[in-house]
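**Q** The primary structure of each chain is shown beneath.
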Amino acid sequence: MTRLLLLLLLAPVTLAGAYDRGELNELNDLYKNDRFEEALEGYNKIVAQEPANPWGWYNAGNALFRLNRTGPAVFHYARAFRLNPRDPNIRFNLEFALRQTGQALLPDGMPRALHYVYYLLSDMEIKAFAICLFWLACLAGAAGFLLDGAPSGAAASRTAVITAVMCLGCLGWLGARQNSPFAGAGVITKTGGARLLSGPGENFKACASAPEGLLVKVLDSIDDDYYEIGLPKEGVKGWALKTEVEKI
Amino acid sequence: MRAPGNGLKLALALALAGFAGPAAAALTISAETDRTSVEINENLYLTVQVAGDSSSVPEPKIPNMQNFNSYSSGRSQSISIINGKITTSVSFTYILSPRFLGIQKIPSISVFNGTEKAFTPEIEITVTRPSAAAARPAAPRQLQGRGGRTAAAAAQNKAEGRIFLKAETDKKTAYPGEQVNLSVKFYTSVPLTSNPQYMQPPLKNLIPEDLPPIRSGETTLNGEHYAYSEIKTALFALSPGPAEIKPASVVVQVPSNETLDPFDPNFFQKFMSMSNAQGSSREFATEAVSLNIKPLPPGAPAGFSGAVGNYTVSATADRLEAKAGEPVNFSITVAGSGNLKAVTAPQLPDLQDFKVFDTMSSLDIRKDGDIIGGKKTFTYILVPRAAGRKTVPPITFHFFEPRAAQYRELQTAPLTINVKKGDLDSKNVYFSGGAAAPKVTASDIRYVSDEPRAGFIADSAEGIAALPLWPLTLPAGLMLATFWLSRFNRFKSANPLLFRFHRAKSQANSAVEKITALLKAGDTGAAVALLYDSFMYYLSDKCGVKVSALTMKKAAQLIKERFPAVTPRAMEEVRELWTALELRHFSPSAAEPEGVRNLLKKYSLLITLLEKELRRPRP
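Taken in order, these protein sequences are the chains called A and B.
For the first sequence, the working numbering begins at 4 and goes up steadily by one.
For the second sequence, the working numbering begins at -9 and goes up steadily by one.
Calculated directly from the structure, the hints in this document are not laboratory data.
Since we're looking at a predicted model, the values are computed, not measured.
Hints may contain errors.
[Claimed, not checked] Dumping the calculated DMTMM-like pairs for lysine to aspartate or glutamate here, alpha-carbon to alpha-carbon at most 20 Å:
no.	chain 1	residue 1	chain 2	residue 2
1	B	482	A	151
2	A	35	B	434
3	B	194	B	234
Build the full structure now, drawing on both the sequences and the hints.
**A** In structure tokens form, the structure reads like this:
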């Protein structure tokens, strides 16, 4: 049973190495030699194979940035950031690309340390951590009930309470992350920016424009061709073509 | 990829960027030449300067120039931080060789950073004939220009003897890093039907640097008139020992004078493919050239870092007055002839009065007179710690001069900066702690990652998060089950009589089986004793009192109180069995096996009866 569980846990790890380091080195050599288009093509293949690999997104973002495609670069960095928010390189390049588009990673007035703690773990890591804590809380609780009255039972019960509180904390953290600028967000990837229409169709009036690389909130994605997007800072919302916005 | 101190670099970069604010990038481009008139056999330098207030600027787009051959000759970058605002300026240098006489135009050069585009105006250059003193024996011309005029007159077998390639160096021995010029000359006295294709020689223990442009001319050798093209390359040896220039080669098309045989079966094919412009392909190669690379003489000074050439060094600051906390750009320039690419930054002395930040180097290479040289500038950001007159002491630079075969030591002049008291804002660039000076390189995005996988934590998290939710019911179910068990045990502890009442029958039945076994074994005494005990415990469990406190009278009273529905017959059976058991228990001689078996049967029937009677509802 233990082996089966280990296999289940490690299966994605094994699959994650679907391409070898030599292939990546070749792509990085292309990047090094200013052949960004070719490098980007390779990085995109990695991203398609392993959507949860932050380095694929990060490297593709770098190639796009070199090609002066800031919007797609911001989108790729944002994806990488959501998958691995602790990495200083991903954070730096996202911040750099956002600054190029007049935005900031750190909200006004927010201490950097707090922002770092807020993004210490990725959404997936918080979820996995909460699941582990749930298991631990339940098993410790069971031990506490079984050893009811014994000193070890009291210790198990205390462990259960602590881990349960931590599990709830994780769930709260995950909930708080739903309000982050990257949750339910998108990036304007169209060169030169996107038009915001007052409805999902060309027959509606253009009500605003959003520059390339801007982080936006995707409010509605039911329509086949259009997203309803919001610009929280400006208090503007409208509809933009799905080809002009990439959901993070 | 992750150098130590990255955090500090990031912090400083962001602090500096915070000063700059989200201002829009102002991209500018300018171009200038070192002269407006040039002789056709000379070169001129075109310098394109791109500046912007972002931390990186894009490369200019050099248009296709028909009237000039252009060669890149390096770039130099300067970054200035004034009042927290970063301004970057990059100068790109190109060597231009004119191709035609008269007024020639350098077209507009553009630069684009993704949002803004900037252009330079056109530049007019007057290209004149070479002056008499400087003129070469023969006017330069393209070798292929002769081909079309006299192609038909050449003979192939003659041609091969009249075409050759020659490689020679200006010296046979050199020190590592010393310039050696390689000249590859292609001679021909016959016309060619296409442009020759030159293939660079492979090099061993040498690194090359082009020396443009390609020289062309005419000369007479052994009474034969030749046109030649010369390609020059500067070579720098890497380490002491043998070095080799392997054969360079040129592939040419020489005219074919093959006659047509009208009776040849392939006559028409040959006739149709015949043309004056066509010929056969021939390859000509040079001999390999060996060089002896001598080791540098012993006694290198401690600060020597491998610079070889002939240099001067100077130090400058972008301003000599600053406030405490304000960055000052301090530059050390190494200029002269030699392989400047290999020159490393001089070691700065310990500057107590300044915080020292990043080193940025810019390179401006010149190739005048086939000598590689130019200047390399190392820029440091110095932040004065406190007000007062602060001096940067002389900086020492060591190099080896190959011509004199001696090590040289140069020093810059000391530089004094008048530091005034800083305001609060400027203090933001300070960072406390740490003996080593932090470095800032916030001018560009960070390099690509060579990590093939997300990492163990991320991979494990992905694996766990991808599991279905139903396994979570297992620990929850286990906890609930143990919770119920715990409550049950507590209830059991709190209500022992209830459990004794329910347990009495099963224990009695168990005892009956054991007594039967004892009787079969012939141990009548033990069987009687066990039967007596079982009966007493049964009544004790049903009445809820201890065995020691149980008498026949009390048992009857308790049974009547707790179970009023019990019939008098059942009570009578109890009394009879009790009496009979007491008799045999306390008088073992009366315990005969047959009698005990009867008592056991009676006990079994009594239990069955009592179980029914005791469960009967109250009347």
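**Q** Tell me the hint numbers this structure goes against, listed in increasing order.
**A** When the structure is compared with the hints, none of them turns out to be violated.
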